[in-house]
Each structure stands twice: as C-alpha cells, then as structure tokens.
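Visitor: Below, each chain spelled out in residue letters.
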Amino acid sequence: MNNPMLANDRNALILLQDVSKTYRKGQESVRALDGIDLAVAEKGMVAIAGPSGSGKSSLLHIIGAMDRPTNGEVIVAGQPLNALPEAGLTSFRRETVGFVFQSFNLIPNLSALENVMLPMEFNGVPSEQRHRRAKELLDRVDLGARLTHRPRELSGGEMQRVAIARALANNPRLVLADEPTGNLDSKTGQMIYELLKEIARERTVIVVTHAEALAQMADRILHIRDGKLEADSQPLEANSTFIGEPRRVDHV
Amino acid sequence: MTMMRLGLRNLFRNKSRLVIVALLIGIPFFLLLVMQVIGDSVQRQTELLKQNVNNTLQLRARGSMGHVNMMGNEDLLPQDALEQVRQVEHVARVEPYVLAMTPTEGHNFAMVVGVNPGDTKRLESHGEAGNPKIIAGRDLTEADRGKRVAIIGQGYAKWAGITPENLEQATLTLDLKRTHPVIFALNRPPAPVKVVGIYASGYVFGDMQLFMSLDTFREIYGIPAGISWLYVKADSSEHLPQIEQKLRDLLGNVADIIAPTNVAEFQNTATTAVLRLSKGGIVLSAALMIITVFFVMLLVVRERAWEIGTFKALGASNSGIVLGFLTEAVALSALGALLGTLVFSVWGGPVVQRAFGVGVAPFLPAEYKDTLINALTLSSDIGPPTLGLLALVCILAAFAGSAWSIRQVVRLSPMEAIRHE
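These protein sequences, in sequence, are chains E and W. Just so you know, the numbering used here puts 49 at position 49 of the first sequence, and the rest follows in order with no gaps. Just so you know, the numbering used here puts 83 at position 83 of the second sequence, and the rest follows in order with no gaps.
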C-alpha cells in the first residue's frame with residue numbers, strides 16, 4: 001500500500017486506492033471511475049453526491065462488491081475485494097453489507113417479514129432466530145403491524161422501510177443506499193433519510209444521491225464528477241435539514 | 001431449502017399463466033402416455049409371440065427323413081448331438097424323436113413315434129401342430145418309460161379296430177417284418193403294445209400315428225442310439241438366428257437344420273415398425289415438453305432478472321438460486337405431467353385405440369395389420385414402469401428445458417438489481 005493517505009487509515013472500514021472502472025459500450029470505452037483514493041471510517045453517514053452519470057453509483061457498487069474495479073485496490077472491513085473469488089464476494093455481501101435500493105427491490109410474493117428474513121436465510125440463521133430478529137427490525141421501523149403484508153399492499157415509504165430493515169438483517173458493518181429516496185415524495189424521503197442517519201450511529205452508511213440538499217444531512221460528503229473525487233467535505237451545517245425540521249427516529 | 005421453497009411459491013405467482021403452461025406441458029405428456037401404451041402393448045404382444053409362436057428348429061440326419069425302416073432314409077443323427085445341442089446358449093428345450101413307419105393297407109402306412117413322456121407330440125408333415133387332444137383314455141406319463149404302452153391317433157385306431165369303448169382291452173401288435181414300397185423289414189419279433197389313449201389331431205395323416213416312450217421304441221425296434229428328429233426350442237424367437245448359426249457350426253456336416261422364418265419376419269416388420277413409431281412419438285413429446293419449459297423459463301428469467309440480482313446482492317449463492325429455478329421447472333413439468341396423466345386416465349383408452357388405428361396401423365405391412373390390431377390389448381392403465389418413465393421425462397424435460405435459463409441465471413450480475421431502477 002504505497003498511498004500515504006491509505007497507510008494512515010489502516011483502521012478505516014473502507015479503503016480505496018487508485019480505483020478505476022471502465023465500461024465498454026460496443027467499441028467505445030466509458031471511464032466511470034478514474035483513480036479514486038478514499039478512506040471511510042467505521043460508523044457515520046457518508047453521502048456520495050454528484051450529477052447523473054458522474055460515477056457515484058459505480059463507486060457504491062465497487063465498495064459493495066457488486067462490481068469489480070478495472071484497476072486499483074479495494075479493501076472493505078479488512079478484506080481485499082480484488083483477491084476474492086466470486087463465492088467470496090457473495091459471502092462478503094451477505095455478511096458485511098446491507099443494500100437499500102431506489103426501487104426497494106422487495107420480492108413481490110413474499111411478505112414484509114419474509115423479505116426481511118431472506119438475507120438471514122441465505123446466512124444460515126436458524127428459523128426461530130431469524131423470525132424473531134425480522135420482527136424486531138420491522139417493529140423498529142414502525143411496521144410491526146404490517147408483518148404479513150405483501151409489497152403491493154404497502155406504500156412507497158413503508159416498502160423502503162422494509163428494505164432498510166432487510167438491509168440490517170445480518171447486522172452488517174456497512175449499509176449502502178443507492179438513491180434511497182428517489183422514488184419517494186419529499187416528506188417520506190426525509191423520514192427515510194433520518195432513519196438512515198439514525199442507523200449510521202452504530203454502523204457506516206453510505207448514501208448515493210444527486211440532490212445536494214440530501215447530501216447535506218450526512219457527516220461527510222464526497223463529490224464525484226466525471227469519475228473523479230472532486231471534493232471531500234463536511235456538510236455546511238452540522239445539523240442541516242432536508243426539508244423542514246429533522247425528525248428524530250428514536251426507536252431505531 | 002429456502003430457494004427450493006421460493007421456487008415452489010414462484011410457481012403460483014401468475015395463476016393464469018400456470019394453467020396455460022401446465023396445459024402446454026400436459027398435452028405432450030398425454031401424447032407420450034399414448035405412445036408409451038402402444039409401445040408397451042406391442043412389446044408385450046411381441047414377447048408373447050417370441051416365446052409361444054414357432055420358435056423351434058428341427059434337426060435331421062443330413063439327407064434323410066430319419067425313419068428307421070424307410071428305404072434310403074434310415075440315417076439317424078448321432079446320439080451325442082443331443083448333449084451338444086443342450087449346451088448351446090439360449091436353447092430352452094430339446095426334444096428327441098425316433099420314428100418308424102408301419103404299413104396299414106394298400107400303399108398307406110402309419111407312423112410310430114418314440115418320444116419322452118411330457119414332450120410335445122408333433123405330427124408328421126405338420127410339425128408346427130403339437131399336443132393333439134386325448135379323446136379317450138389317457139396320455140403317456142413318466143411311469144410309461146420302457147413299458148409297452150402307447151397312445152394312438154383316431155385314424156390309426158379305427159384301422160386297428162380300437163374304440164373308446166374297448167380301449168381297456170386294446171392291444172396293437174407291431175409287425176416289424178411287414179414291408180411296403182418304401183418300408184423295409186426289420187428282423188425283430190412282433191411287439192404287442194397296450195393302447196392306453198386315443199387322440200385327435202385335426203389332420204388326417206396326423207391321426208395315423210402311434211406315440212410311445214422313447215425307451216420302449218428303442219427296445220422294440222432295436223435302436224439303442226441315434227435320433228430321427230431333434231426339436232430345439234429357443235428361449236425367444238429373437239435368438240433363433242444365433243442358435244441356428246451355432247447348430248450349423250456344431251452339426252452342419254451331419255444334420256439338416258430347418259428353421260422357421262415367419263417370427264423373425266414378423267419381428268422385423270410389424271413389431272419394429274410400431275416400436276419405432278412409438279419411440280419416435282415419445283421422443284417428439286419429450287422434445288415438445290423441453291421446448292415449452294425452455295421458453296417459459298427463459299421468460300421467467302428475463303422477467304425476474306432484477307430479483308435474481310437482488311438475491312445475489314443480498315448474498316444468495318449461485319447454487320441456491322439455480323436450485324430455486326430448477327425446483328420451479330421440475331414442479332412445472334410435474335404439474336403438466338399430472339394434468340396429462342389425469343386426462344389420460346379419463347380419455348386415454350379411446351384415444352390410444354384411435355391413435356393406434358389412425359397413427360400407427362397405416363405404417364404396418366398389410367398382412368400383419370389386422371392380426372396385430374385384433375390381438376393387441378390396449379389399456380389406459382398406468383403401471384409402475386410408466387410412472388417411472390413419467391418421472392424421468394419430467395425431470396429430464398425440466399433440466400434440459402431450463403439449462404439455457406440456468407446459464408443466464410449464473411451469468412447475471414448482482415448489478416441486475418440496480419437495473420430494475
């Protein structure tokens with residue numbers, strides 16, 4: 001590890017050194033990420049902001065082991081992801097990362113409870129234990145009364161809360177949220193952000209957003225433009241708001 | 001287990017599609033059952049024919065009729081031929097005959113035959129007709145070996161004045177010194193034989209015979225060894241050519257070998273044609289099922305690409321996801337099979353008859369068509385072998401039909417979860 005910044009951050013949860021990602025579109029090469037160096041500490045909320053097509057989602061996917069970099073080194077939770085085979089990446093995702101998607105990605109023929117139990121089933125958690133934990137998680141996101149509801153019976157905000165509960169199922173050290181409020185109205189979006197911020201007290205939450213106002217709610221903002229880390233800053237105000245006053249979600 | 005359970009639940013996500021797909025898979029299954037029943041019935045019939053129709057070869061001393069007192073035809077097969085033939089593979093039974101002729105009146109004559117009690121009593125000139133019916137008295141038994149007892153054909157009995165009424169006291173004396181234009185005298189004493197039964201054969205000349213035990217014949221005619229005719233029964237007609245060849249190798253220099261050809265001909269024409277057609281039908285049905293499963297699973301994978309991506313993002317293994325899809329494919333095939341089987345159990349019988357008459361019979365040689373159709377027992381019963389075949393085809397169709405989709409599933413990236421957005 002030659003980069004002095006990374007050498008100083010051996011205790012960081014996420015370390016990226018000179019990470020690049022190039023996609024091929026027919027004969028053309030598209031450079032989505034270009035020499036990213038990054039260290040993210042354990043716990044706290046980091047926003048990756050930037051315009052559409054800037055490479056923020058690509059960065060999130062590489063951190064979450066959903067994609068491999070073309071160049072560079074990625075170490076997350078002490079695991080060098082470049083060296084892991086496909087099966088290793090699968091278990092890494094299962095044990096270390098929780099994903100929250102813009103379109104919620106709940107399995108339509110499973111109930112809210114079953115959706116939350118799913119990652120635990122993949123992780124071999126015994127039935128009784130996963131049932132209990134899924135119930136607890138849904139209680140914590142205020143959906144204790146919606147356990148048996150299918151996704152189509154839930155509102156957008158409720159679906160995203162189920163998705164957040166699912167992301168926490170295996171108690172991951174890292175939660176990655178890709179435009180989690182993209183399909184929600186502003187009020188619900190604010191609530192989801194507050195929920196994520198609350199979660200970030202005990203683990204690292206990285207949120208991708210193209211909305212600067214949302215990014216201002218994070219503890220740290222990474223600005224990406226044309227695949228390059230343009231700025232790494234603190235929010236303008238320590239407790240900046242999304243829209244209106246922040247609501248504390250004490251039960252998370 | 002999780003993914004298997006999910007696979008089964010996925011089956012019921014779109015109920016109307018499920019019904020259509022089950023029908024699409026059920027129809028070829030139904031056709032498969034029809035073809036299987038036809039194939040089975042023909043196979044059963046053939047096996048029966050192979051064991052029961054004329055699958056017997058006849059051996060005689062080379063260039064001789066093998067009658068011990070017939071001019072120029074008195075050569076016999078060597079006695080050791082019997083043991084040699086018994087050693088040949090697929091020989092089910094060997095029946096030695098010793099024969100003599102005895103004059104009756106004018107130019108006519110009767111036949112005296114020595115056989116082992118219990119062996120088939122074949123009729124001169126009608127070797128294929130065996131075991132004539134006893135109409136009075138009794139048949140020869142093991143206890144008659146070496147004893148001067150015989151059974152007589154009704155024609156010969158009439159000539160000898162033996163009737164069912166006087167059978168208790170009936171004795172026939174064989175005069176071996178009597179001659180005939182083709183019978184020479186043997187210097188042996190007259191041999192009185194007690195007649196214990198009268199038979200009817202349905203053939204005029206067949207009724208002019210006298211059967212006694214082989215040992216009794218040898219003692220009366222003074223023939224301690226040698227065989228006039230040796231009947232060799234194959235365990236199945238399909239082994240006839242093989243046995244014939246072996247016998248020619250072993251005894252070709254001393255024996256004439258007469259082999260029936262009608263069974264082999266039947267097998268090579270009618271049976272083979274039907275079995276090929278039914279097997280072709282089964283393969284076609286299986287192919288239809290595979291094609292249906294192929295398109296359904298391809299559609300399912302395309303529709304659920306984002307779900308597969310989500311599973312992968314959440315940490316599901318490839319093998320787990322594949323297991324889920326295979327479970328769904330097998331369950332889908334099984335449902336189609338169940339539907340096809342249910343329809344078959346209701347309408348199978350008439351459809352099989354019609355399918356055989358319309359679909360198979362036209363391909364049969366004209367001379368066998370009616371015989372086979374009349375003899376065939378077509379049943380819509382589904383036995384364990386058919387159930388086994390169904391299960392096998394079910395799994396095969398599911399695996400083969402979903403192979404390409406499974407390949408797609410494995411190649412899908414967890415990024416597919418994002419593309420949903």
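Since the hints were derived computationally from the structure, they do not count as laboratory data. Quick reminder that beta carbons are idealized off the backbone N, C-alpha and C, glycines included. Some hints could be false.
Have a look at the derived ranges for each label pair, beta carbon to beta carbon [said to hold, decoys possible]:
#1 W:W404 to E:G144: 39 to 47 Å
#2 E:P80 to W:K279: 52 to 60 Å
#3 E:A145 to W:S345: 42 to 50 Å
#4 W:S345 to E:H149: 40 to 48 Å
#5 E:P80 to W:L298: 55 to 63 Å
#6 W:R44 to E:P108: 34 to 42 Å
Visitor: A separate judgement is required for each hint: does it hold in the structure or not?
Guide: Hint-by-hint comparison with the structure:
1. W:W404 to E:G144: 39 to 47 Å: 44 Å, holds
2. E:P80 to W:K279: 52 to 60 Å: At roughly 57 Å between Cβ atoms, W:K279 and E:P80 fall inside 52 to 60 Å, so the hint holds.
3. E:A145 to W:S345: 42 to 50 Å: 48 Å, holds
4. W:S345 to E:H149: 40 to 48 Å: 42 Å, holds
5. E:P80 to W:L298: 55 to 63 Å: 37 Å, violated
6. W:R44 to E:P108: 34 to 42 Å: 51 Å, violated
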